[in-house]
Amino acid sequence: MNDNRTSDYISLNGYLIYLLLFADDTVLFGKTPEALQFLLDKLFVYCTKWKIGVNKDKTEVVVFRKGWQRVNHSWHYDNTELKVVDHYVYLGVLLHYNGKFQQTQKRLAGQGSRALAALLNSLRSTYISPEQQCAMFDSLVMSILNYASEEIYMTSGPWILLLEKATFMGQSTSWVLSFAQKFLGLR
Numbered sequence: 001m002n003d004n005r006t007s008d009y010i011s012l013n014g015y016l017i018y019l020l021l022f023a024d025d026t027v028l029f030g031k032t033p034e035a036l037q038f039l040l041d042k043l044f045v046y047c048t049k050w051k052i053g054v055n056k057d058k059t060e061v062v063v064f065r066k067g068w069q070r071v072n073h074s075w076h077y078d079n080t081e082l083k084v085v086d087h088y089v090y091l092g093v094l095l096h097y098n099g100k101f102q103q104t105q106k107r108l109a110g111q112g113s114r115a116l117a118a119l120l121n122s123l124r125s126t127y128i129s130p131e132q133q134c135a136m137f138d139s140l141v142m143s144i145l146n147y148a149s150e151e152i153y154m155t156s157g158p159w160i161l162l163l164e165k166a167t168f169m170g171q172s173t174s175w176v177l178s179f180a181q182k183f184l185g186l187r
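In UniProt numbering, the protein residues as written are 1 to 187.
Think of the hints as simulated: they come from the structure by calculation, not from any bench.
Mixed in with the good hints, there may be bad ones.
[As the list claims (entries may be wrong)] Derived DSS-like pairs (lysine-lysine); straight-line CA-CA distance at most 30 Å:
1) Lys66 - Lys106
2) Lys100 - Lys49
3) Lys100 - Lys58
4) Lys100 - Lys66
5) Lys31 - Lys58
6) Lys31 - Lys51
7) Lys31 - Lys100
8) Lys83 - Lys51
9) Lys42 - Lys31
10) Lys56 - Lys100
11) Lys66 - Lys51
12) Lys66 - Lys56
13) Lys31 - Lys49
14) Lys66 - Lys49
15) Lys106 - Lys42
16) Lys58 - Lys42
17) Lys100 - Lys83
18) Lys83 - Lys49
19) Lys42 - Lys66
20) Lys56 - Lys83
[As the list claims (entries may be wrong)] Quick list of the computed label-pair ranges, beta carbon to beta carbon:
21) Ser139 - Val71: 34 to 42 Å
22) Pro130 - Asn13: 29 to 37 Å
23) Asn146 - Trp50: 33 to 41 Å
24) Phe64 - Asn13: 17 to 25 Å
25) Lys31 - Ser129: 30 to 38 Å
26) Asn13 - Ser129: 42 to 50 Å
27) Lys31 - Met142: 30 to 38 Å
Beta carbons: idealized from backbone N, C-alpha and C, even for Gly.
Throw the hints in and build the complete structure from the sequences for me.
In structure tokens, the structure reads:
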């Protein structure tokens with residue numbers, strides 16, 4: 001990175017973390033507005049050299065901060081001002097400006113609830129063994145509820161404690177109980 005301001009970037013166990021790459025998605029990290037602009041400029045040079053396109057309409061900036069502080073800075077990519085937003089969805093995880101995952105929890109709980117409703121609706125018209133029903137529940141509902149759980153529960157407490165309190169991501173675990181009672185014949 002040919003920049004001597006290493007304090008402007010995130011460090012993890014002595015390694016500078018200034019970008020994440022997954023497939024065609026890229027996330028840049030800078031602790032200061034100048035650091036982020038430096039990375040955007042480097043990205044532009046790299047992409048120009050290798051003839052890689054960047055969708056500027058989908059390129060946004062989230063400034064992680066405490067409280068509702070106003071963002072008084074702008075960033076540019078290829079002379080285009082980037083939109084500053086309060087949240088961004090990266091790989092299915094909603095990253096909120098406050099650094100907390102409550103919005104992600106609500107989003108996943110809603111998706112899980114819709115998946116459960118669709119599963120229950122489909123099971124009403126077809127006979128499937130209890131083992132297959134459980135496998136479908138795990139695949140269609142629990143996979144959503146467990147998505148990104150490593151990140152979410154670092155700030156929210158362990159999953160088992162949520163179950164002990166009879167809630168999951170702010171939703172009642174009556175989903176699971178309802179599924180078990182209606183389709184598995186459990187009481």
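Now for the hints, and whether the structure bears them out:
1. In summary, the hint linking Lys66 to Lys106 is supported, as the alpha carbons are separated by about 20 Å, within the 30 Å threshold.
2. At most 30 Å may separate the alpha-carbon atoms for a hinted pair to count; Lys100 and Lys49 exceed this at roughly 37 Å.
3. Of the pairs offered as hints, the one joining Lys100 and Lys58 holds, with about 23 Å between alpha carbons and a cut-off of 30 Å not exceeded.
4. For the suggested pair Lys100 and Lys66, the alpha carbons sit about 10 Å apart, so the restraint of at most 30 Å is met.
5. Restraint check for Lys31 and Lys58: the C-alpha separation of about 22 Å stays at or below 30 Å, so the hint holds.
6. With a CA separation close to 28 Å, the supplied pair Lys31 and Lys51 stays within the 30 Å bound.
7. In summary, the hint linking Lys31 to Lys100 is supported, as the alpha carbons are separated by about 18 Å, within the 30 Å threshold.
8. This hinted pair checks out: Lys83 and Lys51 have alpha carbons roughly 23 Å apart, not beyond 30 Å.
9. For the proposed pair Lys42 and Lys31, the alpha carbon gap of about 16 Å is at most 30 Å, so the pair holds.
10. For the hint linking Lys56 to Lys100, the alpha-carbon distance of about 26 Å falls within 30 Å, and the restraint holds.
11. Note on Lys66 and Lys51: the hinted pairing is violated, with a Cα-Cα distance of about 38 Å set against a maximum of 30 Å.
12. About 27 Å separates the Cα atoms of Lys66 and Lys56, which keeps this hinted pair within 30 Å; it holds.
13. About 27 Å separates the Cα atoms of Lys31 and Lys49, which keeps this hinted pair within 30 Å; it holds.
14. Distance check on the hinted pair: Lys66 and Lys49 sit about 38 Å apart at the alpha-carbon level, beyond 30 Å; violated.
15. Restraint check: the Cα-Cα separation between Lys106 and Lys42 comes to about 36 Å, which exceeds 30 Å; the hinted pair is violated.
16. For the hint linking Lys58 to Lys42, the alpha-carbon distance of about 18 Å falls within 30 Å, and the restraint holds.
17. Proximity of Lys100 to Lys83 is assessed by CA-CA distance (about 21 Å); at most 30 Å being required, the pair is judged to hold.
18. With a C-alpha separation of about 25 Å, the suggested pair Lys83 and Lys49 falls inside the 30 Å cut-off, and the hint holds.
19. About 28 Å separates the Cα atoms of Lys42 and Lys66, which keeps this hinted pair within 30 Å; it holds.
20. Distance restraint check for Lys56 and Lys83: the Cα-Cα separation of roughly 9 Å lies within the 30 Å cut-off, and the hinted pair is therefore satisfied.
21. Against the hinted window of 34 to 42 Å, the Cβ-Cβ separation of Ser139 and Val71 comes to about 41 Å, which satisfies the hint.
22. Evaluation of the 29 to 37 Å hint for Pro130 and Asn13 yields a failure: the beta carbon distance comes to about 47 Å.
23. Hint check: Asn146 to Trp50, Cβ distance near 37 Å, so the stated range 33 to 41 Å holds.
24. Checked against the given bound of 17 to 25 Å, the beta carbons of Phe64 and Asn13, roughly 20 Å apart, stay inside it.
25. Checked against the hint of 30 to 38 Å, the C-beta distance between Lys31 and Ser129 comes to roughly 55 Å, which is inconsistent with it.
26. Taking 42 to 50 Å as the suggested C-beta distance range, the pair Asn13 and Ser129 conforms, at roughly 48 Å.
27. The beta-carbon spacing between Lys31 and Met142, approximately 37 Å, falls within the hinted interval of 30 to 38 Å.
Violation of the numbered hints given earlier is confined to hints 2, 11, 14, 15, 22, 25; the remaining hints are satisfied by the structure.
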